[in-house]
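Student: Protein sequences appear in the order of chains A and B. Quick note, the first sequence lines up with residues 454 to 557 if you use my numbering. Quick note, the second sequence lines up with residues 3 to 469 if you use my numbering.
No lab work stands behind these hints, which were simulated from the structure alone. Just to be clear, a hint being listed does not mean it is correct.
Unchecked claim - Examples of chain B residues toward chain A, derived with CB under 10 Å:
id	residue
1	Phe100
2	Met261
3	Gln422
4	Asn423
Just so you know, even glycine gets a beta-carbon here, dropped at the ideal spot from N, CA and C.
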Amino acid sequence: MEQLINFLSTNMGMIYILILSVFLGIEVISHVPSVLHTPLMSGANAIHGVVIIGAIIVMGQAEPDNYLALTLGFLAVILGTLNVVGGFVVTDRMLELFKKKKKQ
Amino acid sequence: MENQILQIIYLIGSITFIIGLKRLSHPDTARRGNLIAAFGMTIAIAGTIFLYRNESGESFSSTNIILIFIALIIGTVLGVLGAKKVKMTAMPQMVSLFNGMGGACAAIISVIEYQHHFAVGEYGYMGTVLAGLLIGSISFSGSMIAFGKLNGNINDKTIPGQSIINLILMAALIGTGAYLTTLPEPNMMLLGVLTVGCLIYGVFFVMPIGGADMPVVISLLNSFTGVAAALGGFIYNNQVMLTGGILVGSAGTILTILMCKAMNRSLLNVIVGSFGGGATSTAAIGNAAMGTIKEISVTDAAVLLSYSKKVMIVPGYGLAVAQAQHACHELETLLEEKGVEVKYAIHPVAGRMPGHMNVLLAEADVPYPKLLEMEDANNEFNSTDAVIVIGANDVVNPAAKKNPQSPIYGMPILEVENAQNVIVMKRGMAAGYAGIENELFYEPKTRMLFGDAKATLQKLITEVKAN
């Protein structure tokens with residue numbers, strides 16, 4: 454119990470961000486027309502690729518002799534990049550189609 | 003100093019994510035929104051590589067930075083190639099695949115953190131690390147199965163008592179995770195077992211779910227990965243990971259709930275993993291009252307359409323598979339030239355993803371105002387002379403309204419039977435993706451036009467031109 458309270462109080466700032474972000478996420482998406490659901494899902498998919506920051510931190514701090522961390526970290530950065538780059542490019546491709554039509 | 007600058011970069015990154023998501027919700031600003039978020043992501047990544055300092059103020063070693071760049075380049079090349087080459091019809095699979103990559107990334111981070119920063123008694127920290135592993139690996143294997151299913155490599159499979167097995171497995175996984183936090187030293191063996199267990203759970207989770215429910219699953223797994231990323235934010239005390247992850251986590255959950263509502267399922271049902279495939283076994287009920295089907299020739303169909311005042315097109319996954327969106331648009335313009343009013347009725351879950359049809363039709367340059375959402379379309383069917391259903395099935399199945407035994411009972415549908423005439427284009431009499439019969443095909447006013455959607459549409463275009 455004491456552990457839990459300690460954990461909560463040391464991370465209080467983060468918990469505030471968490472709670473506010475939850476409501477922000479709900480607020481932002483509730484006005485999306487269904488036309489844009491697929492691009493939005495794809496865009497959100499790219500944004501959670503932010504997990505790559507963690508992979509970079511792990512990889513950057515891996516000691517030269519810690520092969521497990523180096524190998525896994527390397528793999529994690531590749532996977533994270535795929536998520537980010539692939540996600541944004543696919544979203545852009547979808548939205549490109551919408552834009553082309555607007556000109557007509 | 004570097005760390006302070008990095009904090010500011012993270013702040014900017016978080017703001018771009020919020021603005022990006024906000025802009026993604028309007029057709030006019032969506033593309034810019036995506037680019038803004040991509041920009042934020044780029045500076046956050048670059049900032050982390052060059053400005054990150056650990057507790058003792060050290061930056062990354064240059065060897066590691068080089069390795070990071072190599073990994074970034076490999077990922078970028080593969081990502082761009084994959085994203086550029088994929089066909090518009092295969093979009094949902096691709097999103098699922100990329101989502102799985104993010105989940106795997108989160109799981110790997112947790113494995114390394116567990117080994118590297120093992121802390122006795124720090125239950126909160128260790129719990130966060132293990133939760134990241136749990137959610138990340140479930141999201142990974144689940145997404146891979148969803149990818150395989152949408153790609154047609156994997157069929158639906160259900161083990162009897164699947165939902166109970168899933169619940170027990172979930173409880174065992176959480177139990178193992180909790181036990182791991184209490185150990186005095188790292189136990190990589192048990193961590194491996196936990197990881198494998200999570201991967202299996204992900205497979206079990208998606209395996210029995212029927213294709214019609216796949217959009218819900220992808221959306222849910224998307225929000226899972228978001229949560230996993232946010233847990234990473236807790237591990238590293240990193241705000242941009244936290245905001246980015248949670249935004250996606252909550253937005254994805256809301257999207258999932260909206261989709262569940264559209265399909266008349268509860269979210270609990272989704273989490274327990276017992277819908278879709280499991281329900282199809284009871285689907286045979288209620289076929290008795292069906293009559294005979296009536297076919298229509300292409301020529302007759304062309305005449306019917308040419309002399310209608312108002313035609314409504316109902317596209318479905320069949321249109322996507324046949325890549326028939328351009329032919330569909332051509333038919334539409336041709337009919338418009340003849341003075342026929344043509345509109346499209348879009349069911350929110352037509353295709354394999356919400357908005358799937360919109361993306362496809364946008365590719366074929368169909369103007370926005372012609373796409374009607376379900377409620378608007380349902381108000382107009384009464385005054386519609388002819389409806390063309392192209393490769394759609396479950397979203398126009400009247401059983402959703404009439405037959406309480408049907409697995410899709412309660413799902414809102416496009417009420418095409420209210421129109422004067424219904425032409426159904428289909429490859430054959432196979433059931434829809436939910437695996438159930440459709441009595442619409444046996445209605446007196448329904449005429450079937452069998453064949454590949456694209457080929458049939460092209461024949462129809464030729465005939466309409468000749469009229």
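Student: For each hint, tell me whether it holds in the structure or not.
Tutor: Checked hints:
no. : hint   : verdict
1   : Phe100 : holds, 4 Å
2   : Met261 : holds, 8 Å
3   : Gln422 : violated, 27 Å
4   : Asn423 : violated, 27 Å
Hint compliance for this structure: hints 3 and 4 are broken, all remaining hints hold.
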